[in-house]
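Take the two lone chains and join them into the complex the hints point to.
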Amino acid sequence: MINKLVIENLKHRWVRTLLAALVVGVQVMSILTLIGLSRGLLEESAQRARGSGADIFLKPSTQGSFSFSSGQLNEAFVPFIQKQPHVKEAVGVLSTPVELVTTLNGVDFPAFEKLSGGFHFVAGGPPSGPDDLIVDSAYARQNKLHVGQTVKLLNHNWRLSGVVEGGVLGRLIVPLTTLQRLTGNASPPRISEILVKLDNPALTDQEVAYFNKLLQGNLQAISVADFVAQFSVNNVPALRAFIGVITVIAVVVGFLVVFLSMYTAVVERTREIGILKALGAKPLTILDILVREAVLLAVLGCLLGIAFSFAVRGLVTQFMPASLAVVNTPDWWPIAAAIALGGALLGAAYPGLKAARQDAIEALAYE
Amino acid sequence: MSDSIIITRGLTKTFHVGEVDVHALRGVNLEVRRGEFLSVIGPSGSGKSTLFHILGGLAPPTSGEAIIDGVNIRALTENQRTELRQRKIGFVFQKYNLLPTLTAGDNIALAQALAHVNSRPADFDQILELLGVKRRLHHKPSALSGGEQQRVAIARALVNQPAILLADEPTGNLDTQNSNAVLDILRDLNKRTGQTILMITHNPEAAAFADRTVTMRDGVIID
Ligand SMILES: Nc1ncnc2c1ncn2[C@@H]1O[C@H](COP(=O)(O)OP(=O)(O)OP(=O)(O)O)[C@@H](O)[C@H]1O
Ligand SMILES: [Mg+2]
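Quick note, the sequences are listed as chains A and B, same order. By this note's numbering, the letter at position 269 of the first sequence is numbered 269, and the numbering carries on one by one without gaps. By this note's numbering, the letter at position 51 of the second sequence is numbered 51, and the numbering carries on one by one without gaps.
This is chain B alone, in the form it adopts within the complex (with noise of 0.2 Å):
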């Protein structure tokens, strides 16, 4: 098995906004190891969340190559895509990550019923207490605070065993406080599982928690 997780060549997405065509990635050119934590930082519309929705089969490249633990993207189906997020990818995004009809509880296990998975990780109970978000479970996300929020969409992003967690600024609505406790667990689950983890920042000080920090700027990728 290859040591690289995520491979990607010449990766371009445009998107076609009436007469206009927006390029938003221009060719980037990637490659994560597995077990890697690393960060994404760059200015507004650079194309971070744009690389990230391709990464995790959410929209399929305009062109260049992405292989994401050894399948490559290009040539699967939108069907397949969608099994690939299933199966490989745990997203969290900035805000309002929980269906709010639905307990954390509840969220947790529609991840796992959408995917058709039964088996939770055999840490997955140290994972809710690594969260602080174990007894919080049968509540409402109304009834939580953001940080337990993100917490909770973590955890429910880890529960199908994802090889790869893609974090689109997953602090950008915290505290500082809450931010570090986000921080913290993120680098923590990495350590200790082996998590991959590819998380979008604007912040520097929240890069720093990652082993490698990445820069974007108008659609690519420039060190």
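Chain A on its own, in the form it takes in the complex (with noise of 0.2 Å):
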């Protein structure tokens, strides 16, 4: 019968609950999608590296003495590292930035192909001449690019002459050496990471070893394995800190108005309340009628958040698959229920002690 009671409360003031729930969902739906973002880019990433086919990653030193100040290596490693053995194929990549989340790579083409086993080419074909692209499905849906078509970037036109499956090292593809010369790292010829990958992919560890003995102070080498592990959301501090604040403004937000919807609600039942007291209701009961209305409300909230947050995913794949990745999140729903019901808690934590001392008499005086 409580709950009945309960029930019947919120949908009297039915615009009142559906606010609060909103506003509560939103909370809810903003951690998830954070979360979800935050992993869906890193798990992008990550699954990039890993379909780059290579075993090991070199990249400069971070107190290598003969790496450039931007960050980037002499090619003339390449064919060094081409050398060492149980290396089958070794390729330099330099990546320099185009949009937002977004990198230009540049490679020699046939050699990576060799060392990756070769794109999928959804439409159209390798690079042919130096100003050809090759960019993945959802960057080609996103900005609805066909083969043939003139694409500009970094002030530069390209040729798009094929689009392939993604999760292949990056989304755009161009001739290193056109790349090079369009970011002046043409003389010395300079490239941002080597990919290299082994005759036997056993011997990983071992070769990680070797290489950063052979190569210290200049590159650094670490197995894409190990490499692929950091792309997580407790490696990167400052996501973690967003998500802090992020989860704290939920709280407050979620505090305030359970407790404003509260707070009203108690104001308005004060006649009622007199009434359940003359009816022979304790203090107990009265704060339980009203922490039972706020927890309905923070599930309703929870589960119009969860709904919200299937809805951005749907958006941002169906529009921006190319720049934003969401993933659903089921583990963190638990959480986000949590930080909602915390929330709503303490929001009826005062409107229901307020309720409960109110005197019986006086509240059957109120009109």
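Check each hint, because a few of them may be wrong.
Unchecked claim - Listed below are several chain B residues computed to face chain A (Cβ distance under 7 Å; list not exhaustive):
hint	residue
1	H53
2	R85
3	L99
4	L102
5	A111
Calculated from the structure, these hints are not laboratory results. Just so you know, even glycine gets a beta-carbon here, dropped at the ideal spot from N, CA and C.
Have a look at this one:
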């Protein structure tokens, strides 16, 4: 019966109920989308790293004496690495950012195809000239690109020669020498990293150790597996802090909204509280009723929030597949729910105690 | 078991409003027999409602004794007074007695849930029939007339078989016809089931429905 009263109370003022639940829902959605987005972007980067076909990445050493100030390295390292034992292929890659989250990757195409096992073309084919560009299907879809058309990137006109399936190295791939020229990395030719494929992947750890010793102070080797393992939210301190801030905001907003909603409900129901007390409701019973209302609001808000997060994910996948990636985060549903519930309980506390303590006679005198 | 269901001796109640003390009750001596229908009249501010609130356990007295169905109210904690309201008292107020979000039937069921009582009086169906609300139970208060609302409130007050029904101006908000219907029912209930009823009214004609009438003035009963 108490539950029925709680539900009927919420239904009675359904606009207020819906608005409060909506605000809680938007908070839940923000948290879930933020987590989903962080993971989605990280996962995609990890997938592309894996998809490159390399076993080891060689990057400029952070304390290196021979690396360039721009964090790049001399292309002359590539043939040197190629000659090392167990190295099947070594390919230099130059990466340069072109959009917020997109990089343009320059490679020697035939060499890279040998290392990666080749691309799967959805349309068109490999680059045939120095100004040819290939893009992945997500990028093509988002920007509505077709094979043969001209694409302007880095103030340069590229011809789109092919569209490939995603998940290999990067979204945008062009010939290395052209990119080196456009970015002022032509003399001496410079690259960002070297991808290494071994003749036996089982030797990866041993080879990483070998390279690190051999190239000490110049290049740093990391296995692709270790590199990919770094792509987790926990390894990005700024992201963790950001998620923390959003969580705190969610609790505060949830608290304020439920507080306001419950507070107005309690004032408006002063007489009803008097009646309940006359019928023999204990202060704890009154508090219980209001806490249940707040909990129900939070649950409603959570369900809305989860539904919204699916909708946001759908929209992003539909319209911005190349810039943003959002994954579903069911493991975060309980956490987001706990955050919403925490805010709601805090918000219900003061109005609930006020109602529980309300003098019965004064409440009955209230019109 | 004593023949008197209510006995008060020197009952006082003082409200402190800022610096001022308001003496709402100044020594009420009252005895009500089990099964009696008593009406209380008196000018506004004479302390009628305050007396009912104390008899019903909604507020503690300042001094004096009040024995309700064998229980001395002075000795009760707030929690025990709440339990007294659940089991021994049925309240009916002047207006807005019902919770607006629940149907008439659910208002009655809620009174049972709050008192943790599962059983209804054997003759509760007849009581609903007598009150003329049996077919109105699935309506919300807003769909009921003022008279119907009061009759539902009476049904709700009786569902847990209270020792005493305390009705504070139950007809104060009703027209003559509805008022007479409610008063008839109260008298009928009293005669049929022996329900003890105390009723506050301003109207001497309404008071005449009771077995006995007492008058209050300035916080005391004068006759
Ligand atoms: N909660 C309260 N705080 C302060 N004073 C109160 C309170 N309740 C009642 N009083 C005062 O106590 C006195 C008696 O009030 P009470 O409501 O018992 O009168 P009443 O006889 O029921 O009047 P009415 O016929 O108008 O209902 C009045 O002076 C009133 O102002
Ligand atoms: Mg009164």
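Which of the numbered hints are not met once you compare them with the structure shown?
No numbers; nothing is violated.
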